[in-house]
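Residue numbers (this note's numbering), protein chains in the order written: chain F, 362 to 659; chain D, 76 to 345; chain L, -13 to 344.
Since the hints were made in silico from the structure, they are not lab data.
Distance condition first, Cα-Cα at most 25 angstroms in a straight line; then the derived DSS-like pairs of lysine-lysine: (1) L:LYS183 <-> L:LYS334; (2) D:LYS334 <-> D:LYS108; (3) D:LYS182 <-> D:LYS237; (4) D:LYS182 <-> L:LYS334; (5) L:LYS183 <-> D:LYS197; (6) F:LYS391 <-> F:LYS526; (7) D:LYS108 <-> D:LYS320; (8) D:LYS320 <-> D:LYS334; (9) F:LYS391 <-> L:LYS115; (10) D:LYS182 <-> L:LYS183; (11) D:LYS197 <-> D:LYS237; (12) F:LYS551 <-> F:LYS391; (13) L:LYS183 <-> D:LYS237; (14) D:LYS197 <-> D:LYS182; (15) L:LYS115 <-> D:LYS182; (16) D:LYS237 <-> L:LYS336; (17) L:LYS334 <-> D:LYS237; (18) D:LYS182 <-> D:LYS278; (19) D:LYS197 <-> D:LYS165; (20) F:LYS551 <-> F:LYS526.
If you anchor each label on the Cβ, the simulated ranges turn out as follows: (21) D:PHE158 <-> L:ALA173: 47 to 55 angstroms; (22) F:LYS551 <-> D:ASP338: 47 to 55 angstroms; (23) L:ARG113 <-> D:PRO244: 31 to 39 angstroms.
Bear in mind that the values here come from a model prediction, so they are computed numbers and not experimental data. Glycine is no exception: its CB is placed at the ideal position from the N, C-alpha and C atoms.
Spelled out, the chains give:
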Amino acid sequence: MQFFLEVLIGGLLAGVMYSLVALGFVLIYKASGVFNFAQGAMVFFAALTFVGLQEKFGLPFGVTLALSLAAMVVLGVLTERIVLRPLVNQPQITLFMATIGLTFFIEGLAQLIWGTEVRRLDLGIQDEPIEALMERFNILVSRFDVAAALVAGVLVAVLAVFFNKTRIGRALRAVADDHQAAMAVGIPLKQIWAIVWSVAGFVALVAGLLWGARNGVQFALTFVALKALPVLILGGFESILGAIVGGLIIGASEKLAEVYLGPMIGGGIEGWFAYIMALLFLLVRPEGLFGEKHIDRV
Amino acid sequence: MSEPASHEHNPGRRIGGTLLSVDNISLAFGGVKALTDISFDVREHEIRAIIGPNGAGKSSMLNCINGVYTPQQGRIRFDGQEFQRMDPHKAASMGIARTFQNIALFKGMSVLDNIMTGRMLKMRTNLFLQALYVGPNRREELEHRRHVEHIIDFLQIESVRKTPVGRLPYGVQKRVELGRALAAEPRLLLLDEPMAGMNIEEKQDMCRFVLDVNDEFGTTIVLIEHDMGVVMDISDRVVVLDYGKKIGDGTPGEVRANKAVIDAYLGVAH
Amino acid sequence: MLYREAGQFRTSYEADQQIFPIRQDRIAFALLMAVAVVGVPLFASDYWLTAILIPFLVFALASLGLNILTGYAGQLSLGTAAFMAVGAFAAYNFQLRVPGIPILVSFLLGGASAALVGVAFGLPSLRIKGFYLAVATLAAQFFVPWLLVKVGWFSNYSASGVITAQKIEILGFVFDSPVRRYLLVLAIVALLALAAKNLVRSRIGRAWMAVRDMDVAAEVIGIRIMRTKLIAFAVSSFYCGVAGALYAFAYLGSVEPDAFNLDLSFRILFMVIIGGVGSILGSFLGAAFITLLPILLEVLLHGGAGLLGLNLSPGTPSMMQLVVFGGLIIFFLIVEPHGLARLWQIAKEKLRLWPFPY
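Put together the whole structure using the sequences plus the hints.
As structure tokens, this is what we get:
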């Protein structure tokens, strides 16, 4: 039982990290209808930029963070301007393919600038069990995972407030609902999109730092980021809550499957379990747990 | 429009028995009622118009007839067979073809291919023969091409037959869509606002085509139209819908004199 | 003037329905085939055959397969490499386990196996579209190679699932030299390309495009959406499967499941996008482009670096490749979504009048 709980908690905490990446997808999808396949590459780019800056200039944490954030904002705004704006009103599938191209571009660019070797990223939080929990309940839970979950929780709360309470948030929701109507009532569409891409860049930075500290900053990060896709299918593309819940479900079930199912069928199932789960889920509920059902009108 | 006069001069044309009847159809989306207890019939060879203000449920009615929507209540009888629910494929194979209010052509395909697609159900050769493009498949392609070329001639769109329809002007696209529906040699043709957004010349052309289809091929036609002049000129009988309910049914003359219809159109308080 | 069709009248629908209704096209195509069948074997070096021409043809076949699914039927797939893997491993196992089975039959059965797997992973396409489906096909991409590694039977219990393809022998004739393998691949690819062209200009091709362009209207015409999509998955995966078999048997010789990774799937998707979505010719143009680009890039980079006296770090060329691929994809999607095939068509239209513009 203790072991089960450990695995479950570990999975849920890992799931929080998936949620973080998925969050970036949801933000952009809600505001512009673009399914940004490059979100994973942005996570990689953010982490690599942070580590690269740290190595090269040795500036304080806060300054490096600010510089990385600036880089992500520039990347986001440029992407919106150069790639997506010329493709406005194109079929969604075209936009999707464009973001696949973008993925390659960003991954290549990041490594051209900062090199291809694997790097360590130290945030000053130890990846070791919390003593109190170990003594009281005899359960191993990583301090790092808990910290990451806390950061993610704060981020989600901030975004929720941002979306629901501020003027920009209201404008964002209006844009998500109907671009043209939003433009007609005087919402500056271009600014809004620039803001959304910047926020997505910020979320990517947070996810990149946490993932990078955990697994090292390396190309394989982009594969981890791909896991956000099944999370989205489970949660629905348009729901922040869905991204969170989907991430938790995927994280937990993936770990449980690896531990309990893995030994039976040869192990290494973490690579595909989430995708197959999403695939089966699609057959039952294609719009996701929290997605809206669309009625086709003729 | 002078031509329709001759149409009315020939009332005994060849209108036959009932081809389609819809009985007590009700349709709702979630809690919103789109159609409430609608019944009417369509006789063979006639031109039957459905009119009504925006949102009256006209397109929903067509969508029920050819199975795109499934009504919660009611029955549809077509050609002696009764259906609780129609599906689009069954409707097509029984000879119901239609056009859409917002043109639903295959934008990436040429005019020729669009109309050829309309003959889908008449083609038989298997996948293997299609891959080889020999014998029966080649013959079949040619035979149907010939038929499609007749339609292209009829609609006077010869010069654009190889053009992707996405590049054609609106009025021509509407014609191509009619052509695609005709390619199936339908017994019942459902036209959803075939003249919407057209200028006067285009409307006249389209009227001409609709009447010719009815005359030459004997096709029964149900059409939705907003232009009252057109409706009164070319249709044999008219159904009037308002807020999903039937408020009038009869010849153009009868409908024009119907108080409920006048109220609906002039906006008298309900 | 060079490319003038004036004076060539097509007097029957039969003549109008040819693949190349214009005489110049027929001549050009005949010349091209003559070069491919006679010229190349006479003059091409082994390097050209094994490192460029054979992979080009194999990739062209795979992108033909993906183009049928994505370009014609409008269903995006990111699992192309997985279907290729199925084809390769199935062909290997048929050769291994069925005594005396002709190699060509193995290839066909490899394709058929891939078709079955393709249909299984295509089932979600009945309920979902667009990038939802793309994510679903990722399941195939990650699951299939894993299965091929984990279940030793598929690779006859070799280490890490590597298979070594059996020798290609047809009616006692052994295809062991690069030239012979090239000619075999050329023949298979040419036949399958012809079949694909025939399919897309027949009923099923129109049904695919109809479903792609407007599925509600297609259904109303009487097209069975479900069946049409599944046939697209089957035919597409068949092509990818045969391509995979050729990839193992004629190109690499020995191959492991992980060679059929997401990267390969993307590469083939890029061929389709750059070559021309919904174009048979485009599949070939795209495959040629993506096969040649890295080589060209390498030459340019090293030439450039040598000229400027720079020292390239070892990762640079492959990173450069990512940047250029990504940039090109975006460029083509924005500027010419129909790819090289459309550019070729525009060039021909210009040639009709050239050198007199009026």
